[in-house]
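Participant: Single-letter residue listing:
Number of protein chains: 2
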Amino acid sequence: MNLKIIKGHIIYTKEKTQFEVCKDSFIVVNNKKIVGVYKKLPDKYIDVPIIDYGDSIIIPSFIDLHIHAPQYMQMGVGLDLELIDWLNKYTFRSEEKFSDIDYAREVYPHFVKALYDNGTLRSCIFATIHNDSTYVLIEELRKRGLSAYVGKVNMNQNAPDKLIQSTECSIKETREFIESNSFSELIKPIITPRFVPSCSSELLKKLGEISCKYNIPVQTHLSENKKEVEWVKSLFPKNPNYSDVYREYNLYGREKTLMAHSIYLSEAEIEMAKQDNIFLVHCPNSNMNLTSGIMPLTNFLDKGIKVGLGSDVGAGHKIGMQHTITSAIQCSKINHIINENERSLSESEAFYLATKINGSFFGKVGSFEKDYYFDALVINSGDKLINNLTPLEQLQRFLYCGDASNIIDRYLEGQLL
Amino acid sequence: MNLKIIKGHIIYTKEKTQFEVCKDSFIVVNNKKIVGVYKKLPDKYIDVPIIDYGDSIIIPSFIDLHIHAPQYMQMGVGLDLELIDWLNKYTFRSEEKFSDIDYAREVYPHFVKALYDNGTLRSCIFATIHNDSTYVLIEELRKRGLSAYVGKVNMNQNAPDKLIQSTECSIKETREFIESNSFSELIKPIITPRFVPSCSSELLKKLGEISCKYNIPVQTHLSENKKEVEWVKSLFPKNPNYSDVYREYNLYGREKTLMAHSIYLSEAEIEMAKQDNIFLVHCPNSNMNLTSGIMPLTNFLDKGIKVGLGSDVGAGHKIGMQHTITSAIQCSKINHIINENERSLSESEAFYLATKINGSFFGKVGSFEKDYYFDALVINSGDKLINNLTPLEQLQRFLYCGDASNIIDRYLEGQLL
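These protein sequence lines map, in sequence, to chains W and Z.
Reading the first sequence from the start, the letters are residues 1 to 417 in this note's numbering.
Reading the second sequence from the start, the letters are residues 1 to 417 in this note's numbering.
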C-alpha cells in the first residue's frame, strides 16, 4: 500500500446528468488509483497524512482529444479564412518549419508548457510528417510528466511539396516512429493520416495494416467542411460516404478511433459511428472560427454516439479545455435556438464529455470513481470573494472565467506533477 | 503645447473594411489629443522625448457599451438558465446585496480593477437601484482614472420587493443621483430604466422627462429574449412594438441612446433605430449563454444601423473586450453558415465596432485619427516567438488568445494610467 489522502471540495461526473459535489471531502489514493471519496474519513486511514487544499475545488484533470502541436504558434492567426484556404495560407507553412529540428526545439517546449499550465495532462496530438521534430515533442511531454498519444502525420498528396512524402517513405517512417524507443506507458503512438484528401488509397491501406498489426489506435479528420466533403466524394467516388473510405482501409473502428469534427454525417455514417464505437471529437471553437459548421452534438449523444471534445488548436484558439467546454455549451444553445428539437448541452454533460468520455480513450481516466487513475486539478481562484461561492459555483466560475493561473496543483496517476 | 511621442507598431481602424497598420511608427500627442501618426517623425518634433515601446503593438483602448457592475461576482454562474429565470434566481439576489454599502465597498474595487486590467478604459455601466453603493462604484472608477457613464437602475415593478422602489422614490433618487457632486468630465450619469417589464408607464414617462430636461443619455435593454418580447407586448398592448414603448416616453433617440441586445426587431423597429440614430449594442456571449438568440449583426450594419459591442457581464462571462470581439465574429460566422445571405463579420469590422463605434458614444474616441483623444493600450505578449509575428498577426493573437497580462500600458486622454 502506498496511500495518500487529498482533501477539498471534490467535484466530478459519474453520470452526465449531474455533478457529484462532495464538499470538504477526502479522496483516498493508493499508488496510482482511487480507493474512494469520503465525506467522513474511515478510521482505517486515520494515520495517513492528508494534503488539505482547504476551500479549493478538486476536479478530474483535462484531456484533449484533438490538438495540433505545430499549430501552437499560429493560434488565433488567419481565422478570417475557411478550412482549405487556411490550410494552404497558414497551416502548411507553419508545419513546414518543423523540418528544422531546431525550430521544434524552440517551439515545442512552449506548447507542452501550455498543456501543463492549462491542466491538459493527457492529449491526442497531431505532430507533423517529421519524425525527428516529433521526437523532440515526445521528449518535452516526458520531461513534464504528461500523458499523450502522439501521431506522426501522413500525407502523400494535395499539399505543398515540402509536406508530401512518397508512400514508401511515409510508411517506412511510420514504422520507424512506432518502433522507436521514445514511447512509454504514458506516451504512445497513434496512426495519423491527416485526412482523406492528403492520402492516396495505397497510403491509407498500408496505414490500416500497420494499425491492425501493431494494435495502434487511429486519429484523423472527418467531415469538417462542406467543400472538403465534396472533395472527398470526388476523390473516392465509389465509396458511399466519407467515413466508409476510412473503414474500407481498416482505419475506422478496428482499433480505438478518433474522428475529429464529424459535422456533416449522413444517417448511414451516424449508424456506422455507433456500431463501430468511434469517438467523434467535437471541436466547437475551431468549427466556429473556420466557419465550418456546428455538430448536432446533443442529437448524437441522444442516439448513443460517443462524442468527446477537442480544442483543435490552432484552428481553435484556446488550449485550456474549459474554453472548449463552454464553447460546446454555447454552440449547442445556438443549435437549440435554431431548432427546438435539438436540446442544449447542460454544464454537467459538457464536463462529463471533457473528463469521463475523453478520459475513456486512455482507460480508467476522467472520474473519481473507485479504481480510476487519480488524475486531478486543484483549482483556487486566489480570491476570497469567489471562494465564498458554493463549490459548484466555484467550478462554474472557473469553467467560464478561469485560466491557467487558477490551477494550483496537478496530479497524474497519483503523482503530483 | 504639451507634446509627447509614442512609438511602436500602431494599429487602428479608420474604416471598418481594413486595419491601418503602421509598423515602427510614431503617434504625436498634444495634451489629450492626437496630432498625427507618422512613419517618419517630422523634423519639428525632433526634440520631443519618445516613449519607445519597441516591438509592442499600440491600439485604441477598449470601450464597453453594456456591462452590469453588481453582476461581477456572479459572472459565469448559473448560465444553464434563460433570461427571466436567471434574473430571478441569480441576478436579483446579487443586486439586492448592494443595499449594504459595505458589500459595495468589498466588491466594486475588484470590478473596477478588472476593467482597468483588461483595458476597458471607458464603459457604460448599470449599477443597482442603490445610490449610496453606486457612489462607491463611481469613486472607484475615479481612483483608477477611468471614464464611464454610470446608471442608477430604475425598477418599480416585477422584481423582488427589495429591488423595487415606488415611482416617487425612484424618481427622487434619480434626480439626487444626477445632481450629485460625484460626477466629472470623465464620469457622467446615464438614465437607466432596467427594461420595460421593470417600469410602469408613469416611471418611464418621468425618466424620459429627466433625460430631456438635463440632456442625459439613456441605456436600457431591448428585445433580448422571445418570452421577454411577448411579456412586453402583454404589458403595453397599445404600442406597436417594444421600441415604441421607449420612444413614446422620450427614452429613445431624444438623447444618445444605448439599446442592449436588440435581437428580435421588426422591420419597423429596424427603421426606427436607423432614423433615431440609436446605438444597438450586440452582446454575443450573453446572448449565447442565456440562449437568447443571435442578432443579425451584419444585416444591421449593411442597412446603416449603428451597432456597438458590449460584454454584458454577468450574463457575458468575460470582461476583456477581445472576447466580445471574437465571439461577435464567431456568432456572425454561425449566422452565415445557417443563412448564406448573411455575411460574416470580418476582424477589422469587429475591431472597428469595439473601438471607433463604441468610442463615438464618448465623442472623438476609439481611433488614432487627428484630434481624437489619445486613448490607447500597449500590448506585448512578453514572448519573443510571438513578437516575431507581423504586427497584425500580433493583434490577431491578442484578440483570440490574449489576456490582461498582455496589456503593458494604458493611456486615457493622453495620460498614462
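Hints may be right or wrong, so weigh each one.
Pairs involving identical chains hold if they fit within one copy or between any two copies, as the list cannot separate such chains.
[As the list claims (entries may be wrong)] Each computed PhoX-like pair below joins lysine-lysine, with the alpha-carbon atoms no more than 25 angstroms apart:
hint, residue 1, residue 2
1, Lys188, Lys113
2, Lys23, Lys89
3, Lys172, Lys206
4, Lys4, Lys44
Hints are computed from structural coordinates only; laboratory data are not their basis.
Keep in mind it's a predicted model, so treat the numbers as computed, not measured.
Participant: Now tell me if each hint is right for this structure.
Facilitator: Comparing the hints with the structure gives:
1. Lys188 / Lys113: This pair counts as within: shortest intra-copy Cα distance 19 angstroms, inter-copy 45 angstroms.
2. Lys23 / Lys89: between (50 angstroms within a copy, 22 angstroms between copies)
3. Lys172 / Lys206: within (10 angstroms within a copy, 81 angstroms between copies)
4. Lys4 / Lys44: within (13 angstroms within a copy, 71 angstroms between copies)
Of the numbered hints stated above, none is contradicted by the structure.
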